[in-house]
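Full structure from sequences and hints, please.
Chain by chain, the residues:
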Amino acid sequence: MSGSRPIDLPAGVTIPEGAGGSSSWKTVRTVLQHAYIWIWLVIFVIPFLATLVYSFESPKGGYSLEAYDFVKGAFLENLVYSLELTLMAIIGNLLISIPAAYAIVRHNVPGKRLILSTLNVSLYAPAAVMGLSLLITYAYLLDFMPLTHSTWGLLAAYVVGTFPLMLLPIIVALRDMPMVYQEAAHTLGASRAQSLFRIELPLLGPGIGAGILMTFVIVFNEFLVTLFIAGPENQTAALRVYGLTRTAGFSQSTAAAAATMQLVSFVVVLVFFKLVGSRYLKGTYFA
Amino acid sequence: MSRVQLISVAKRYGDTVAVRDFTADIADGEFVTLLGPSGCGKTTTLRMVAGLVDPSSGYILFDDQVMNRVPTNKRNIGLAFQSHALFPHMSVAKNIAFGLTMKRRPKAEIRNKVEEMLDLIEMTGYGDRMPAQLSGGQQQRVALARMLATDPRVLLFDEPLSALDRNLRDTLKYSILELQRRTKKTAIYVTHDQSEAFAISDRIFVMNQGRVEQAGSQLDIYLRPATEFVANFVGDNNAISGVIESIASLPDGQRTARVKAGTFELQGYAPDTLDVGDEVLAFVRPENIEVVGQNTQQQADGLVSGMVEQIVFEGPTVRLNVDCDGVLLNVSASGVERLTLLDKGEKRVTLRFRDVSLVKQ
Numbered sequence: 002m003s004g005s006r007p008i009d010l011p012a013g014v015t016i017p018e019g020a021g022g023s024s025s026w027k028t029v030r031t032v033l034q035h036a037y038i039w040i041w042l043v044i045f046v047i048p049f050l051a052t053l054v055y056s057f058e059s060p061k062g063g064y065s066l067e068a069y070d071f072v073k074g075a076f077l078e079n080l081v082y083s084l085e086l087t088l089m090a091i092i093g094n095l096l097i098s099i100p101a102a103y104a105i106v107r108h109n110v111p112g113k114r115l116i117l118s119t120l121n122v123s124l125y126a127p128a129a130v131m132g133l134s135l136l137i138t139y140a141y142l143l144d145f146m147p148l149t150h151s152t153w154g155l156l157a158a159y160v161v162g163t164f165p166l167m168l169l170p171i172i173v174a175l176r177d178m179p180m181v182y183q184e185a186a187h188t189l190g191a192s193r194a195q196s197l198f199r200i201e202l203p204l205l206g207p208g209i210g211a212g213i214l215m216t217f218v219i220v221f222n223e224f225l226v227t228l229f230i231a232g233p234e235n236q237t238a239a240l241r242v243y244g245l246t247r248t249a250g251f252s253q254s255t256a257a258a259a260a261t262m263q264l265v266s267f268v269v270v271l272v273f274f275k276l277v278g279s280r281y282l283k284g285t286y287f288a
Numbered sequence: 068m069s070r071v072q073l074i075s076v077a078k079r080y081g082d083t084v085a086v087r088d089f090t091a092d093i094a095d096g097e098f099v100t101l102l103g104p105s106g107c108g109k110t111t112t113l114r115m116v117a118g119l120v121d122p123s124s125g126y127i128l129f130d131d132q133v134m135n136r137v138p139t140n141k142r143n144i145g146l147a148f149q150s151h152a153l154f155p156h157m158s159v160a161k162n163i164a165f166g167l168t169m170k171r172r173p174k175a176e177i178r179n180k181v182e183e184m185l186d187l188i189e190m191t192g193y194g195d196r197m198p199a200q201l202s203g204g205q206q207q208r209v210a211l212a213r214m215l216a217t218d219p220r221v222l223l224f225d226e227p228l229s230a231l232d233r234n235l236r237d238t239l240k241y242s243i244l245e246l247q248r249r250t251k252k253t254a255i256y257v258t259h260d261q262s263e264a265f266a267i268s269d270r271i272f273v274m275n276q277g278r279v280e281q282a283g284s285q286l287d288i289y290l291r292p293a294t295e296f297v298a299n300f301v302g303d304n305n306a307i308s309g310v311i312e313s314i315a316s317l318p319d320g321q322r323t324a325r326v327k328a329g330t331f332e333l334q335g336y337a338p339d340t341l342d343v344g345d346e347v348l349a350f351v352r353p354e355n356i357e358v359v360g361q362n363t364q365q366q367a368d369g370l371v372s373g374m375v376e377q378i379v380f381e382g383p384t385v386r387l388n389v390d391c392d393g394v395l396l397n398v399s400a401s402g403v404e405r406l407t408l409l410d411k412g413e414k415r416v417t418l419r420f421r422d423v424s425l426v427k428q
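Keeping their order, the protein sequence lines are chains A and B.
Numbers 2 to 288, taken from this note's numbering, label the letters of the first sequence in order.
Numbers 68 to 428, taken from this note's numbering, label the letters of the second sequence in order.
Worth flagging that the hints you see were computed from the coordinates, not collected in a lab.
It is possible that part of the hints are untrue.
Stated by the list, open to error - Pair ranges (Cβ atoms, derived):
id, chain 1, residue 1, chain 2, residue 2, range
1, B, E189, A, L115, 39 to 45 Å
2, A, G112, B, P338, 52 to 58 Å
3, B, V137, A, L115, 34 to 40 Å
4, A, K113, B, S229, 31 to 37 Å
5, A, Q263, B, G106, 55 to 61 Å
6, A, L133, B, G203, 55 to 61 Å
7, A, L124, B, Q132, 49 to 55 Å
8, A, N109, B, L395, 50 to 56 Å
9, A, S192, B, Q321, 33 to 39 Å
10, B, R196, A, N109, 54 to 60 Å
Said to hold, decoys possible - The following residues of chain B were derived to be distant from chain A, with all beta-carbon distances above 10 Å:
id, residue
11, D88
12, G106
13, T217
Unchecked claim - To give a feel for the contact side, a few chain B residues facing chain A, derived at Cβ under 10 Å:
id, residue
14, A117
15, Y126
16, G145
All C-beta atoms, glycine included, are put in the ideal place defined by N, C-alpha and C.
What follows is the structure in C-alpha cells.
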C-alpha cells in the first residue's frame, strides 16, 4: 500500500484484521512457491547432470574434456547415423501422415474411428513386443525384401512405431482449420497444389511441427526396437552407448557419449521452441 | 464484367432439396441480391456460381459459356466470405497479392496493384500488418481488396457484413456498393438482412425453402409482394383475409380489386392471377395505414374505424394496435400529427389504407 494515496473510507466501514495481507508475507509465499518448482526441476535434471559431471572427471584426478575426444572420433559416426535415420523417419512420417490426416478429416472414410484406434496400437504396444513382432514380420518378408539387419528395416520399424505421433497433431490442426481458407485460395485462382503448399501446410505448421518434434525425440533416442532389428552395420548412437556399457564398462567416454545424446535432444527441443515460438505449443492458429 | 445465367439450377443432398429450379439472367454490371432466411438455399446457390458446390442439375453460364465443369480457380470470380477469411499467416500486402502471385504476374505489377488496392480501401501504409492486428472492419475491407485485385469477372458476396457490428455494417455496405459501381462488375450478394438488400441491389431474389418466391426491384418486393412468404418476410405487414368482390382495370394496366374482409371493405392491387370470388390475403404495411381522424365516427368509402388497444412511442414513429371489429392492425404513424395520438385514454380512430396488395390464400 506504500506510495498510494490514502483513501477516505465512509464512516462506519472497518477493515477486518489481516484483510489484504502484509507485503512481507506475500514475498515469503512467492519465494516458497518458486523454491518448490525449482526443487522439482533439479530432481528431474540430476541424473543428467550426474552423467555430465562424471564425463568430465579425469581418471588421473581433476576434470578434463578428454572423454569427449571419443565423442568427436569414433562415436561421431553413430551420432550421424542416428541423425540420418531420424531425418528419414520424419520424412516418412510426413509422407504418410499428411495424406492420411486429410483422408480422415476431410473425407467420409467408413470405419474412421476403428481405423484411428487401430493405427494407434503401436503407441500402446510395449517396445519389446513391437521389436519381436517386427522381427517375425521381417522373417516372413525375407524372400521379398531383406529388412532385418538393414537401415530400411530400422526405418520401417521407426515409422510404424511413431507415425501416430505425427498423425494425431496434424489431425487436430486440420480439424481446427476452417475450410474457408482453402476455398478462398481457390476463388483467388490457386490450384489444389498451390493452396496446399501456400495456405494449408503453413496453417497446419503448428501441428506438423509438433509431430516433427515428437518423432525426433522418440526416434533419435530409440533403443529397444533397434536392438531387435539392427545388425552389426546399424550402430545407432543409443545402441552404441548400450554396447559400450557392456564392453568398455562405465567409463568416462561412455558417459560422454550418453551426455552428448542428451544434449542433442535438449538443443533440438530448445531450438524448436525458440524458432517457432510457444504459439506452436497450442497446436493451432485458430484456438 | 460478365453476364451470369442460371438455368434450372438445382442442388439435392440425398432426399433434401437445398435449391430447386433456380433460373436467373443477371446482366453485365447488375447488382443482384439473394435474400432469405437461413437455410433457404441462397448460400448454396452462390457457392454453385463460385464452383464450390456442384449443381445436381441445371447449368451455370458466364457470358454464354457453361461453367459447370470449370473448377473454382479457373472461373475468375471474387468471393467475399462471412468471416473475412484472410490468410492469418500472411501480411495484408501478401493477402492482397495472393491472387496475382498465383497467376505468376511480374513482381513490379503485383507491388503496384497492392498499393492501388490499399488506396482504394483507404488503408495505405497497412501493407505490413498482419490480419490479426486489424479491426473487424479493416479485415473485411482487406478481404474486398484481395478479391478485387485479381480483376474478377463476377463479384460474389456471402453475407460479408453479418459478423460486424451495426454501424460498421452500414458504412461498409455503401463501400461495397460504391466499389461495385466504380468497377462496373456483375455482383451477386447473399444476405438475410432486408435493409442491406434494399440499400444496394438493382434486383432482389427472395428465396424460401430452396425456391425463388419473387424476383424484382426493391419497390416490387416491398409494395407488391407476390406471395404470403414475401409479404411477411420483408418488413412488417398486416394480413387481412377476405374475398374478392369485383375487379377493375386501371388506365396504367394494373388491376384493382375490391375485397370484402369481415365488416369492412378495402381496395387493393390484384395481380393477373386473381379472379372475382377468390379468397385472398390483403397485405398493408403499418406505415401505409393513415390515421385520418380521432374520436370520430367517419363512415366514408375506403375508411375503417377501430379502437386503439395500445400505443407505443418509438421516437420517429408511434405504433398503434388497433382493433377493427375483431381484425387486429399494426399502425405506424409518423409526422408531427403522431404526437397528438399520445394523449391517454380510450379512443376510436379512423384509418385509411394505402398500397394494399393481394395474395391468393
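When the nearest CB of chain A is found for B:G145, is that gap smaller than 10 Å?
-> Since chain A brings a Cβ to about 7 Å from B:G145, closer than 10 Å, the hint holds.
Kindly confirm whether 55 to 61 Å is satisfied by the beta carbon distance between A:L133 and B:G203.
-> Once the Cβ atoms are compared, 59 Å apart, the range 55 to 61 Å for B:G203 and A:L133 holds.
Using the Cβ atoms, figure out if A:Q263 sits within 55 to 61 Å of B:G106.
-> holds, 59 Å
Interface hint compliance - B:A117 to chain A, C-beta minimum distance less than 10 Å = Hint on B:A117: holds, closest Cβ of chain A at ~6 Å, below 10 Å.
Distance restraint hint 50 to 56 Å, applied to the beta-carbon atoms of A:N109 and B:L395 = holds, 51 Å
A:G112 paired with B:P338, Cβ distance criterion 52 to 58 Å = holds, 56 Å
B:Q132 and A:L124 - C-beta distance against the hinted 49 to 55 Å = holds, 53 Å
Verdict for A:K113, B:S229 (Cβ pair) under range 31 to 37 Å | For B:S229 against A:K113, whose Cβ atoms are near 33 Å apart, the range 31 to 37 Å holds.
In this structure, is the beta-carbon distance linking B:E189 and A:L115 contained in 39 to 45 Å?
-> For A:L115 against B:E189, whose Cβ atoms are near 55 Å apart, the range 39 to 45 Å is violated.
Closer than 10 Å between Cβ atoms is the bar; does B:Y126 clear it against chain A? Give me holds or violated.
-> violated, 20 Å
Take a quick look at B:T217 and tell me if its Cβ sits farther than 10 Å from every Cβ on chain A, holds or violated.
-> Non-interface label fails for B:T217: nearest chain A Cβ at 6 Å, not farther than 10 Å.
Starting from the hint 33 to 39 Å, judge whether the C-beta atoms of A:S192 and B:Q321 obey it.
-> violated, 54 Å
When the structure is compared with the earlier hints, violations turn up for hints 1, 9, 10, 13, 15 and for no others.
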